[in-house]
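In case you want the letters, here they are:
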Amino acid sequence: MTDDTDPETFAYDQARWTDDDERYEPLLSEKNTEAVEVETSLPDELTRDELELPSLSEPELARHYTRLSEMNYGVDSGPFPLGSCTMKYNPKFTEDVAVHPEGLVHPDRSADTVQGTLRLQYELQNYLGRIGGMDAVTLQPPAGAAGELTGILVAREYHRADDDDRSEVIVPESAHGTNFASAAMAGYDVVTLPGGEDGRVDLEALEAALSEETAALMLTNPNTLGLFERDIVEIAEMVHDVGGLLYYDGANLNALLGRARPGDMGFDIMHYNVHKTFATPHGGGGPGAGPVGVTAELAEFLPDPHVRRVSRSDTDRSSGQSPREGSDGTYERYTPDNSIGKLHGYAGNWLVLVKTFAYIARLGDEGLADASAKAVLNANYLAEQLEYEVPFGPFHHEFVASAGEQDAADAAKRMLDYGVHPPTTKWPEIVEEALMTEPTEAETKRSLDQLAAAFNAVRGDNGETLETAPERAAAGRIDQVAAARDPELSWQALDEK
Amino acid sequence: MPGPGGSLGVHRKAWYAQVPMTANGSPYAPHADADREAMLSAVGADDEEALFDIPDDVRFDGEFGIEARGERAVRSLVDRTLSANDDLVELLGRGHYDHYVPSMVDHLSDRSEFLTSYTQYQPEVAQGFLQALFEYQSMLVELTGLGVANCSMYDAATALGEAATLATRVRSTSGSRVLVPERLQEGRRRVLDNYVSGHDLAVETYPMDDGTADVEALASLADEETVLVYAETPTVRGAIEERADEIGTLADDHDAMFVLGSDPVALSVLEEPASLGADVVVGDAATLGVPTAYGMGIGLFACREGYLRQVPGRLVGAAEDDTGRRAYTLTLQTREQHIRRERATSNICTNQAWVALRTAMHAAWLGPDGLVELAGDCVERARELAARVDDVDGVRAPVHDRHHFREFVARTDRPAPAVADDLEAAGYAVHVVGDHEIQLCTTETNEDALDGFVAALREIAR
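Going down the list, the protein sequences come from chains A and B. Note that the first sequence covers residues 1 to 497 in this note's numbering. Note that the second sequence covers residues 1001 to 1462 in this note's numbering.
If you're looking for bench data, these hints aren't it; they were derived computationally from the structure. Computed from a predicted structure; not experimentally measured. Mixed in with the good hints there might be a few duds.
Stated by the list, open to error - If you want the footprint, here are the derived chain A segments under chain B, 3+ residues with CB under 8 Å: (1) 55–61; (2) 68–78; (3) 108–118; (4) 210–218; (5) 330–342; (6) 490–496.
Stated by the list, open to error - A few chain A positions that, by computed beta-carbon distances, are all more than 12 Å from chain B: (7) GLU157; (8) TYR388; (9) SER402; (10) GLY404.
A virtual CB, placed ideally from N, CA and C, is assigned to each residue, including glycine.
Starting from the given sequences, assemble the full structure and let the hints guide the process.
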């Protein structure tokens, strides 16, 4: 019988495939490599002499990758309260929907022959528009950071259309690192905004930072401490008063579904992280998608192409053809008037977007609102169960506990031994030895109780136990400093040793 | 453009009328009533709404107007929507290719320990994915001959864009010219334009000669202000670049970075880029691992070891754990945005890791024999189809007197758009690339339909 307050009773050991004293599961190249002579009908001077790569049968590969998967921890393995990452459960049916054979078409197909795909794109644009309170949404950016770059390029072109060459983007110091990098990629000087005591925007500091050079302020809401920016309307007015635009980082949108919309708060541009809010799997670091929503005023700057619906009567007039049976219009690609161009070679990570559509269509209004409600309830309940200090609150989707005297990174390693994934550590810096925790709506009370027990057990562990953790993961503590000092990035590099 | 609450309400009704509704809350928020009560009581709230600290003036109390549906209903909705796509045989390529992906790749990459995991910030519980990415990097090192390959960029276009920004960090001159072929897949060119727009770089084109680079024209254009020369093999016209080594030398003479675009299938037989003088290789690695997917791919990015500290994107390195065994970890993270912020080498965070896993699986499944055979077939199939098409009255193929890979350009006596329209009506999708030029791509996935295609072209081309 498990005791939900004693993590020893529900801890599990991750598979550790130990080949010998030197290594765990051998590399493909160590299992069998063959050099094959390259012979083709091409002239020899155009071809390589040989190709040397692993050569293994399918049964051997199936075992290789199954073992590797067993040495990997995902949401389906256990709790994954990684702050700011919204590691919620990924519904399985969306995988099947995404690879529907009729949807696996080439991006250069004519619009007439891919009406189904265009319709899904159009419907998803509109779903997202309604959820964010935005007038137009592009699906093209292939990840959140690409969405940020897209949004900042939209802001840049908006200003340039007025012959206004603003040079600065303001980013709060507690923002995601991508905000700074994306603004810099668009050629802007980044102005870092110091935070207030609770991580919220300090209006005086904002006033000081704003000027006629301000192209945009990038903000997430709720902030990384899980606190809502209560002054958001005033912030929007201040930014707009100097002619700047307000950008919403969608990383924390899971806190607000059905209760507040960035568009209603005065944001002009936002990106959605579909792999956070809309449950598409993270896949070990992508593919994600970062659709961008804008106000009507900015729609003309969106990437090319955009998808729109042409009503039945328009179609009748233009082509003289009768519309397809059962359809209520046709769909077409078009170039927005002052489009910023392209951010992906084609239409972005389309298969991920199909999963997004399926998730939203499954949940509907009630389900989306419930997801936020339970995510917020879970965060507050978990915060309440922890023996670590948890400053601020009440919270929305996440909170930041302090590991206090402990090193947060060590505490995280120890949590691995209790069968749970640790929170994000040492960020934001406003909380000492931060444990940034976002349980998401996917955890039951029992799961949260076990998670709390894991946190509390780690809090009681002594220094040496923490420093030598983990004991039960697929590998022991890894020396990342040494790895960076002497980088070996391929099996070829290992062979040269 | 309709706003969030606009005409969509009416439209929605028509579309969803046939779909049965289900569900109230999220089926993926599994809270029993008693648990919910206990949790609310523990946090001292009457209901969840009390926990939202949102001022009234920005509170959204409306509805999105999105109906909840059962799982089966959503599947049927998507089925019916996608059934509006025409069932065409595609002879399409130009940067996005369809090769047969073995079932093993789906079944093993879909294991949820892989699929539902996060970026490997806790390497001790992510050894499996890290090793798979390390293997992916190693395969690209073999295929390119270059010392470093990263875990992925988004796609070929963004990889090219990142190569240009890399040039600004490693250039030895103050130059700003980026030279690219005049014929380039549109998305690659336009993404490049956006990536350089925040830097002091200017993209210029050099002419092509019979489907590949006009090396003489390029030589007269390149100067000390040139920081990057980009070429492709195969080119967007499907031709294998025969003078890539001369382009490499030319770039080197001007201390410019030579960036070569290709893909892992082509690289399985073509001369390895490092011996051609390439400093960076970009391209779409999803020619392995992903079928036709409306343009979704994975950006291949490999470069010389000398650029290591300036590489964009994630890198997996070998490491040791406290038992002394070899393990793997993300490394050189001080290049990245979460540490270096606005001075990072790129803003990329989430990339295409799971696609990289699939690409590596597919490459491993083929093995060196299978890769060489597949690549050889890409040459043979294009040659055979070009010969058959050339035999059709009113068509000449290939237009270019080059070796081709997967695809080639054909000249049509009739205007190409008319030919393409008629082919579409007959069930075949082809590219129109000129007033009298169509482009045809063939792989193992459409070869069974080529008899029918040639017969249709015979009817249409005259």
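| task | Against the earlier hints, flag every one the structure doesn't satisfy and list their numbers going up. | result | 4 and 7
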